[in-house]
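Trainee: Please model the complete structure; the sequences and the hints are all you need to start from.
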Amino acid sequence: MNARSGKTLYDRIWEDHLVHEAPGEASVIYVDRHLVHEVTSAQAFEGLRESGRKVRRPGMTLAVADHNVPTTDRRHGISDPESAFSVATLENNAREFGIEFFGMNDIRQGIVHIIGPEQGWTLPGLIIVCGDSHTATHGAFGSLAFGVGTSEVEHVLATQTLLTTRAKNMRVSIDGRLPLGVTAKDMILAIIAKIGTAGGTGHVIEYAGEAIRALSMEGRMTVCNMSIEAGARAGLIAPDDTTFDYLRGRPRAPKGGAWEAAIRYWRTLKTDSDAHFDTEVQLDASGIVPMVTWGTSPEQALPVTGAVPDPAAERDTNKREGMLRALSYMDLRPGIPLQQIRIDRAFIGSCTNGRIEDLREAAIIVEHEL
Amino acid sequence: MVVPGSGLVKEQAEQEGLDRVFLEAGFEWREAGCSMCLAMNADRLEPGQRCASTSNRNFEGRQGRGGRTHLMSPAMAAAAAIAGHLADVREFQ
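Protein sequences, first through last, are from chains A and B.
181 is the number that the numbering used here gives to position 181 of the first sequence; each next residue is one higher, with no gaps.
Counting from 1 along the second sequence, just add 1000 to a position and that's the residue number in the numbering used here.
Calculated from the structure, these hints are not laboratory results.
Glycine residues also receive a C-beta, built at the ideal position from the N, C-alpha and C atoms.
Be aware that a few hints might be false.
Partner residues aside, some chain A positions facing chain B, computed with beta carbon under 10 Å [to be verified]:
1. 92
2. 183
3. 185
4. 229
5. 266
6. 269
7. 292
8. 331
9. 340
10. 351
11. 361
12. 364
13. 366
14. 369
Mentor: Next comes the structure, spelled out in structure tokens:
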């Protein structure tokens, strides 16, 4: 890297959180916020118990059950014994270690990557981790957020720090305006189709450009959420007035003078004009159309106007074999127009698309047809 | 099925009457959670079922053993649900 070049947003957040670095070693970084769910935390808490440790900063840790909870009537608890056990274990661990827990019947309960932003717990400039790959969602606020493994969950609980290595910088710039009917989801599927699921490997992606700036926070979260499917460690979008408008008045966002001070700091969180990116990718938003995946990898995505591709036309042997396997699993034949593929179910939700704006977008289409 | 991402999203959607729109069209309206994104709860595809899904991963078995996932936007999933097949949302506007 050119020592005289400016800093990227990622460099800035990384350096602000660096506790220790030495050549040839993983760096120690400070973690501001830690989100915990039932699937990746039980062994971590057990590890703390075995070694007689406490949670270093219980107030900076928030627990919620999302993966194993039923989405039907919850008044009688969870009928599946394994799921019931994992959710009860999280609740017991949260109580024992003094961590706030949103229970299944608390209105604030939800998918961990949706409740953080909703509560104003996710804020610009922070480092946020969670034992879940889609932690990248929080990067929409200009926070560095990424998933960690269960042993790292234990490390963060015990020390509020993490051992990790610095990532490379990648910028995906999307200029122009998205056409009508084309959303943030189409944008990120188009990015992944272009760069592939290994395209972002070893990088943190900063999304920039006119089309990104024009997105709501919900749309930005959808884009950052799937950074992981583009192979990246995290996705970032510099905070701006859209971010601040979303956060203002949220239960855990700063208030009064602290809010004003926070905004002044948050406005400094951006990439310098002379910053160096290891990889740059450009897309024109006006050329993006509604996308669907046809295969078993997120990069196997095409405009909905297309047809199931023919592996015979693929020169890369590995890709061709992947396509053949995907077509077999998906029970599809090359050449069929995508719009002829019949479906049995539809699922609208998830940390990618389970926010209010997503439901509004779906409801508009449904209402039009009623 | 429609699964709000949080209890507060669900409450907001109900205040706006979105739940009625979905229910009238034959969708199920659920409580908040990861749901059918990842087959770690009761919501999952049966073998061979094909799903228009707004989730993030489409590898083999992600939504249930033998289930087939097509990833897309919420508007596109709604259009597919109404049409019974993958559909271009721009023709629904």
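Trainee: Next, verify each hint and record whether it holds.
Mentor: Hint check results:
1. 92: The hint is violated - residue 92 of chain A has no Cβ within 10 Å of chain B, the shortest such distance being about 20 Å.
2. 183: holds (4 Å)
3. 185: Given a least distance of 4 Å, the restraint on residue 185 of chain A holds.
4. 229: Holds, because the Cβ-Cβ distance from residue 229 of chain A to chain B comes to roughly 6 Å (cut-off 10 Å).
5. 266: Hint on residue 266 of chain A: violated, closest Cβ of chain B at ~24 Å, above 10 Å.
6. 269: violated (26 Å)
7. 292: holds (5 Å)
8. 331: holds (7 Å)
9. 340: Cβ of residue 340 of chain A sits 6 Å from chain B, so the hint holds.
10. 351: Holds, because the Cβ-Cβ distance from residue 351 of chain A to chain B comes to roughly 7 Å (cut-off 10 Å).
11. 361: holds (5 Å)
12. 364: holds (7 Å)
13. 366: holds (5 Å)
14. 369: The hint holds - residue 369 of chain A has a Cβ within 10 Å of chain B, the shortest such distance being about 5 Å.
In this structure, the earlier hints numbered 1, 5 and 6 are contradicted, and the remaining ones agree with it.
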